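Engineer: The residues making up each chain are set out below.
There are 6 protein chains.
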Amino acid sequence: MKYIKDLKEGDRVFDIYLCKHKQSAVTKNGKPYENVILQDRTGTIDAKVWEPNNPGIDDYDTLDYIEVYGEVNNFQGALQVNVKRIRVCREDEYNPADYLPVSSKNIDTMYAELKGIIGTIQNPYLRQLLEAFFVKDETFVKAFCKSSAAKAVHHGFVGGLLEHTLSVTKLCDYYCSAYPILKRDLLLTAAMCHDIGKTKELSPFPENDYTDDGQLLGHIVMGSQMIAEKAAGIQGFPHGILAQVQHCILAHHGKYEFGSPKIPAIVEALALNYADDTDAKLETFKEILDNNSDNSGWLGYNRLFESNLKASKIDGVK
Amino acid sequence: MKYIKDLKEGDRVFDIYLCKHKQSAVTKNGKPYENVILQDRTGTIDAKVWEPNNPGIDDYDTLDYIEVYGEVNNFQGALQVNVKRIRVCREDEYNPADYLPVSSKNIDTMYAELKGIIGTIQNPYLRQLLEAFFVKDETFVKAFCKSSAAKAVHHGFVGGLLEHTLSVTKLCDYYCSAYPILKRDLLLTAAMCHDIGKTKELSPFPENDYTDDGQLLGHIVMGSQMIAEKAAGIQGFPHGILAQVQHCILAHHGKYEFGSPKIPAIVEALALNYADDTDAKLETFKEILDNNSDNSGWLGYNRLFESNLKASKIDGVK
Amino acid sequence: MKYIKDLKEGDRVFDIYLCKHKQSAVTKNGKPYENVILQDRTGTIDAKVWEPNNPGIDDYDTLDYIEVYGEVNNFQGALQVNVKRIRVCREDEYNPADYLPVSSKNIDTMYAELKGIIGTIQNPYLRQLLEAFFVKDETFVKAFCKSSAAKAVHHGFVGGLLEHTLSVTKLCDYYCSAYPILKRDLLLTAAMCHDIGKTKELSPFPENDYTDDGQLLGHIVMGSQMIAEKAAGIQGFPHGILAQVQHCILAHHGKYEFGSPKIPAIVEALALNYADDTDAKLETFKEILDNNSDNSGWLGYNRLFESNLKASKIDGVK
Amino acid sequence: MKYIKDLKEGDRVFDIYLCKHKQSAVTKNGKPYENVILQDRTGTIDAKVWEPNNPGIDDYDTLDYIEVYGEVNNFQGALQVNVKRIRVCREDEYNPADYLPVSSKNIDTMYAELKGIIGTIQNPYLRQLLEAFFVKDETFVKAFCKSSAAKAVHHGFVGGLLEHTLSVTKLCDYYCSAYPILKRDLLLTAAMCHDIGKTKELSPFPENDYTDDGQLLGHIVMGSQMIAEKAAGIQGFPHGILAQVQHCILAHHGKYEFGSPKIPAIVEALALNYADDTDAKLETFKEILDNNSDNSGWLGYNRLFESNLKASKIDGVK
Amino acid sequence: MKYIKDLKEGDRVFDIYLCKHKQSAVTKNGKPYENVILQDRTGTIDAKVWEPNNPGIDDYDTLDYIEVYGEVNNFQGALQVNVKRIRVCREDEYNPADYLPVSSKNIDTMYAELKGIIGTIQNPYLRQLLEAFFVKDETFVKAFCKSSAAKAVHHGFVGGLLEHTLSVTKLCDYYCSAYPILKRDLLLTAAMCHDIGKTKELSPFPENDYTDDGQLLGHIVMGSQMIAEKAAGIQGFPHGILAQVQHCILAHHGKYEFGSPKIPAIVEALALNYADDTDAKLETFKEILDNNSDNSGWLGYNRLFESNLKASKIDGVK
Amino acid sequence: MKYIKDLKEGDRVFDIYLCKHKQSAVTKNGKPYENVILQDRTGTIDAKVWEPNNPGIDDYDTLDYIEVYGEVNNFQGALQVNVKRIRVCREDEYNPADYLPVSSKNIDTMYAELKGIIGTIQNPYLRQLLEAFFVKDETFVKAFCKSSAAKAVHHGFVGGLLEHTLSVTKLCDYYCSAYPILKRDLLLTAAMCHDIGKTKELSPFPENDYTDDGQLLGHIVMGSQMIAEKAAGIQGFPHGILAQVQHCILAHHGKYEFGSPKIPAIVEALALNYADDTDAKLETFKEILDNNSDNSGWLGYNRLFESNLKASKIDGVK
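Protein chains in written order, with our numbering: chain A, -3 to 314; chain B, -3 to 314; chain C, -3 to 314; chain D, -3 to 314; chain E, -3 to 314; chain F, -3 to 314.
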């Protein structure tokens, strides 16, 4: 397969791509045509279907995987595929992972690591709660492992939610070793569950957009409610422990203005808030630098960080 | 019964009061005594038990209703009861309503009015939801009608939650007549349910203080979850309607910084936010003026209103 | 008359329109031409006058009503009128109401309703003050009834100021019935007068833009001063009442950061602030939904409401 | 006369003082007595009238000038006058200036300087406006020259308004020499008038407290209205100039959150805002240092300046 | 030695304490006496010297170590030492560590651990910089190891600066293992140096108060300047590396409003900001819980955390 | 020389310009060309080099001074130079001052005036400090006199730093005459030095952009450090005076959120903050008006001033 990032003017294209976006349009002369964005894991490219009613053009739609036959042109300095034929593909013809941004880490490995940590939780109720989600609920596990942690900002790729969750959990584990005041079972349970509501807030890839419930209720409240529902299925789950886990979820954004309806009142909620924030910001900074890896100077003002950013450098510096 | 607000220096006291607060102390000479605050619906008064080990002093505690025998003294300009005998009373000896701040409106009348409004809701699911709370769930109804709407600020009295809820609901009903864009069934359902979480956030009178769940989860999230649980018991309750009702609850404080995890996204949530805020602020202003009814001038700077307040006056003004 | 919203490519145009905007320009070859925006109550359309020096093209200007002869073309997907002839019309040839956005409610009816409310004011001074504006000052009445309530945001149409004022006044009247603490004469007088300064802050339609005085002084201060001047003409108007009415005007934006030089200090000023804000926000939301009536989903992030907005829906929802 | 700051334990007092405050009270035994605060220009002292019904005690009140006969005691480390006789004095028996904080500068000299500056204004309308206030309106001149510039903060003494106004005007005059862009006639007129509303916002000394109008309308809006009224009496005063002067008054606090209903839109309004702010802050700092003249170190955190303050020192510093 | 926390009413005292505070006063009868606060590592107690001119009372002062002979009384419920004799002690009579709050961790061990980390720094310039401070500059090492990290908030004890620095450094080291993007040499150098300015901002124990330089310049700017001065003594220290280390120091408070003159622009500055904030907040929370170890409920609203705080609990919870 | 502001369509160009910017591009057909911006002191103009590989086109770069031969065309309403030949010039062929924005005031005169003020400083240490910078350090003097005070906002021209510094210093001198509390030697020294760090924060003209050090450390901290270094070279410079001068530099932005790591604690720091702010804002307003000198109306909303701005006018106003 020829990846989009490798296409050059004049290339002939004959491969399967994800149709990220399709929009019908009309030329000045009133002729219909279609604007299309093709995607694979290496990027996206614009395409035009000038004869959408041709028999060679299947009845395709946004988010279909389509086999495209066409030619790469240069239009005003940007590459563009002039599409001659389109065929909608069957599920067995392609591997979605080739068309989506994915975690650079292995999903199975990360999931195994997460289960390993669950095995270290001593409190029987908290351990059952974690297993109810991460071991016994296969639908949840599948959604959780494929979900992104965000629509746009950090960890916005397949496996991103798992990667972020694992990273936060391990950072919390370090905290527990450094600050004995922290109750490890409570903190690690909250860490593993803190973003589970995102499996409902964002639709699955390739769409990866806010759902109605996501917009109306948000992952924080949905996550808290998911925990209450799972705990209701565990014999004798102490209400007081449940309330503390829910509190950690509700408070993990740390401040009202970031959408948390509660401010951390117990030290584990505070620690989770710091771990989540630290991981999100360092990962975001990493992604900015990755996207500017050829740039050795200042990257321009960044609104999130409220600063002009720069790649640090100490080797060979005068 | 002699009300606390009518006590004068030299009076002899022999009546039942609520023991709002009791604290043991020791005189400079090492003699134990007890500081007590007595309460009835007209106010509170300090009291001293100088001989707590006397046989005439029952084994009483904070929040007991106690029969007090003693004398009113003046200590440094403030009245104080010198207590000689204390007897703890049985439930049938007193009427709690005589000892607590209560709504100036009749609770039964207000409750009937609320039920009357429920009878006008057309959407069968929303009507069932309201009836599940306000008609069929007797424990909830009892708690709801006795609860205050707040610990300290506005509507902080028995029946306050009902009075506030009814007032907000009727204001929303006026909105519906003035702004046809509003969906009355949705808005009025949300209005009636918007503060139901307060029955769990605050403990019942006479304590009326934040519960653990109230501190950890808050009435907004608990109210949203209560609705989800009740709706789960109604056959075929449409998820999309449930999400909109929950959204109205979650967003009714209007802004993140006021503890709402969601900002109003639909017009009914916005209207509820305005009705709740309008009623709370006008009631608060009314209570300030009531507490200063003898004051015809400026009342001093008020932090909530960010202004020096004054009773308006147009009759007989030059 | 053929409305602008109904024009199609290829149509021949021969009708009177408001010239919303006219700008001279030069083609690359140095030939002069004119860019024009035509408006009627249904919308606007771009137009080009390629031969501005033709004898068939009158000497017209921005805000003239002009009879246009031409042809509708499609340029880069947008419609455009190629204008061949222009004639400036006399005042009796057109009805301005056909060319401007107007209230969907009848202006005469609303004005009668406002006068009806004035008739219920008991305080003789306040009633005289209202009559001095809304009954006896014909120039003011004419300006008030035609004015918009805003340049851009809500109620930005002919009659908008009257519609907004009446709506706020009626909402205040409802408050008076629900909160007996409010002094109806004072509150309703302030409600009716709260935005009278807008008749000076905005120039009349069709321009509807900020005046110099509007920019330098603002409608709040000008409104307060207008009231002082009218009251000076009423024998024995009590200074203390005047100051309270002026205070309500000055404080009706509620906070310094919204341009009020005073924060509500009396309960009527507070109520007016809530009524004004409630009406403005609900009307704005309504106008957003009206402008997106074909959209059944999320409308996108709205800066004023700090939220992604959506039309609510409960009928037929699953 | 023996000044309050010089009184010592054991002194016998027999002099005239201002009765700053009088409050009736009752001893534990039910005996009435009176708490009094006596004031002269050097400070205040507490006093007690233990036999208020004695024939030697006149029927005096707060803000009376009273002749006091008594003895200075030490009560819990603070001095206190035990008052035996009180006589209310006639206006010709005392000089109020001996009992009030006064400007350290001569009021007549400052007033003459202000009139001198008025003589340099070229624009005939602005000059007439200034003369209408500062020359022809004797009542205004008298009030203006005696008024303080503030209740509590800076320039809170007799003549303070005049001193502040003159200082701001001269600073603006310096600006005009340094920044030719500034229109001197406009800026200096606005500078001289910027706080005239304070003559109505604060009651005269010795009370010097906010008036009802001050609380409800504020000196900014009242000052703007005073200018409009005076200008109405000047034949042909150009409306456009009036609006610019009023704008400078309205905008001189610089920001909405400081109570200005308009933000500076012309450069003279901006300059006035800076001059007013600079003078107020430097004078406030001076008064803080004056009040701590014996303190050579850090003065503690000051909320207005958001900093711990210190007297600078360069002579003899190591 | 009898510790202050173990004193009881009636005890006879004859031990050495730190005189935390001494203030002369006068009784109502004009007799001079002295208020004193005595301190040891377990707490403080009030004391009175009723006969300060007695020959048995040495000429002592605040911050002297004094041998006190006296008796413990109960005054209005609080213990108080009635002091009969005072003798100022020589340096060899006491161990300051017995009179000051100290880190619960061993200072030598922590210092050795810090030096161990310095040994792992690869970049020769950064390593030399660290050694110049933490190995070769004995005066600095001594001050650094005894200094507190704050006057009042967290780590306010002898060794607090070392403990905080080590904790932040180790947290940064964990970050480096989890986020390969981070340059360990740069980050750990900045972490070890981030608060070195505190050795100049705070005076040494037992005073532990802000110095003049601390108030005027602050530890952030002083720390940055100390680094520049040390680097100037290292042959060939690359300016570009120095600027990055200084930037990390300047930006380690993360935001302007927390006193950083620069916002993190490189990822190491961001990581340091998170590590510093995380350690400070978790330690502060720990100290709050330590101070309330007997309290099993809510601890009350805490301004720093903007929340009512509570000790979490999962063992034995229902 | 023909200035850019005088060029017209059809003109032939043959003159030396500063190449402000150069960017290589490719036409749709794949032909390389170059986009260039030419600058002289009167403005900038776009230019195209359609045949960059022609022998007549030298190997030039951004910020070179180049002799251009070409023709002025009109492209879509904007002028554009079609460049035929380019030659890179030697330093002696042009005067940079012809190509850069420069102060309208004479640099030598301003520098002499600054030195004159230094001559009035009495304190020997402060005078030596000023002379060490402004008299003896020729490299510094040269950089200081040519530097701009800002990249974009006010005083963004050659000599701007000197002009701003002198203006601030003179305003401070006026303050000293009006407010005797100010220590003139300290305030004027701080005023003259307050922005010296800008010589390192911004690269020299024609680039005039932030340096790496400017981004990482900022002119406030660098200026403070420059003063410390210079003072270290002056025998016996009192540390306490140095700290106060540094404090004035560090605090001259007045608030944390404007990048000052310290808030003014001494009155001279406060005065400097006002002088700097006043001069910056009045100069900025002046530059806005200069750039809109042909505009007699409202200039549009300005974010810095948070207001719609207007040129004031009193002559000939009705």
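Just so you know, these hints were derived from the structure itself, not from any lab.
Possibly wrong hints are sitting among the right ones.
Note that identical chains are pooled: a pair holds if it fits in a single copy or bridges any two copies.
Listed next, the in silico BS3-like pairs over lysine-lysine satisfying Cα-Cα at most 27 angstroms (straight line) [claimed, not checked]:
#1 K4 / K147
#2 K44 / K251
#3 K111 / K309
#4 K309 / K(-2)
#5 K138 / K(-2)
#6 K101 / K18
#7 K138 / K314
#8 K111 / K16
#9 K(-2) / K196
#10 K282 / K27
#11 K196 / K44
#12 K309 / K16
#13 K44 / K111
#14 K101 / K166
Predicted model only: the values in this text are computed from it and were never measured.
Engineer: Does each hint fit the structure? Answer for all of them.
Structural biologist: Against the structure, the hints come out as follows:
In this homomeric assembly, K4 and K147 never come within 27 angstroms of each other (Cα to Cα): the closest approach is 30 angstroms inside a single copy and 40 angstroms across copies. Taking the closest pair of Cα atoms, K44 and K251 never come within 27 angstroms of each other, the shortest separation being 47 angstroms inside a single copy and 44 angstroms across copies. In this assembly of identical chains, the alpha carbons of K111 and K309 lie at most 27 angstroms apart only when taken from different copies (24 angstroms versus 38 angstroms within one copy). In the homo-oligomer, the alpha carbons of K309 and K(-2) never lie at most 27 angstroms apart, since the shortest distance is 35 angstroms inside one protomer and 46 angstroms across protomers.
For the identical chains of this complex, K138 and K(-2) are neighbours neither inside a copy (29 angstroms) nor across copies (58 angstroms), given an alpha-carbon limit of 27 angstroms. Taking the closest pair of Cα atoms, K101 and K18 never come within 27 angstroms of each other, the shortest separation being 31 angstroms inside a single copy and 42 angstroms across copies. Proximity of K138 to K314 under the C-alpha cut-off of 27 angstroms is restricted to the inter-copy arrangement: shortest distance 26 angstroms between copies versus 51 angstroms within a copy. In this assembly of identical chains, K111 and K16 lie within 27 angstroms of each other by CA distance neither inside one copy nor across copies; the values are 34 angstroms within and 52 angstroms between.
For a Cα distance limit of 27 angstroms, the shortest separation of K(-2) from K196 qualifies neither inside one copy, at 34 angstroms, nor across copies, at 50 angstroms. Within a single copy, K282 and K27 get their C-alpha atoms no closer than 46 angstroms, and across copies no closer than 37 angstroms, so neither meets the 27 angstroms cut-off. In this homomeric assembly, K196 and K44 never come within 27 angstroms of each other (Cα to Cα): the closest approach is 34 angstroms inside a single copy and 51 angstroms across copies. With identical chains, the CA atoms of K309 and K16 are never at most 27 angstroms apart, being 38 angstroms at best within one copy and 29 angstroms at best between copies.
Taking the shortest alpha-carbon separations for K44 and K111, neither the intra-copy value of 47 angstroms nor the inter-copy value of 61 angstroms comes in at or below 27 angstroms. In this assembly of identical chains, K101 and K166 lie within 27 angstroms of each other by CA distance both inside one copy and across copies; the values are 15 angstroms within and 25 angstroms between.
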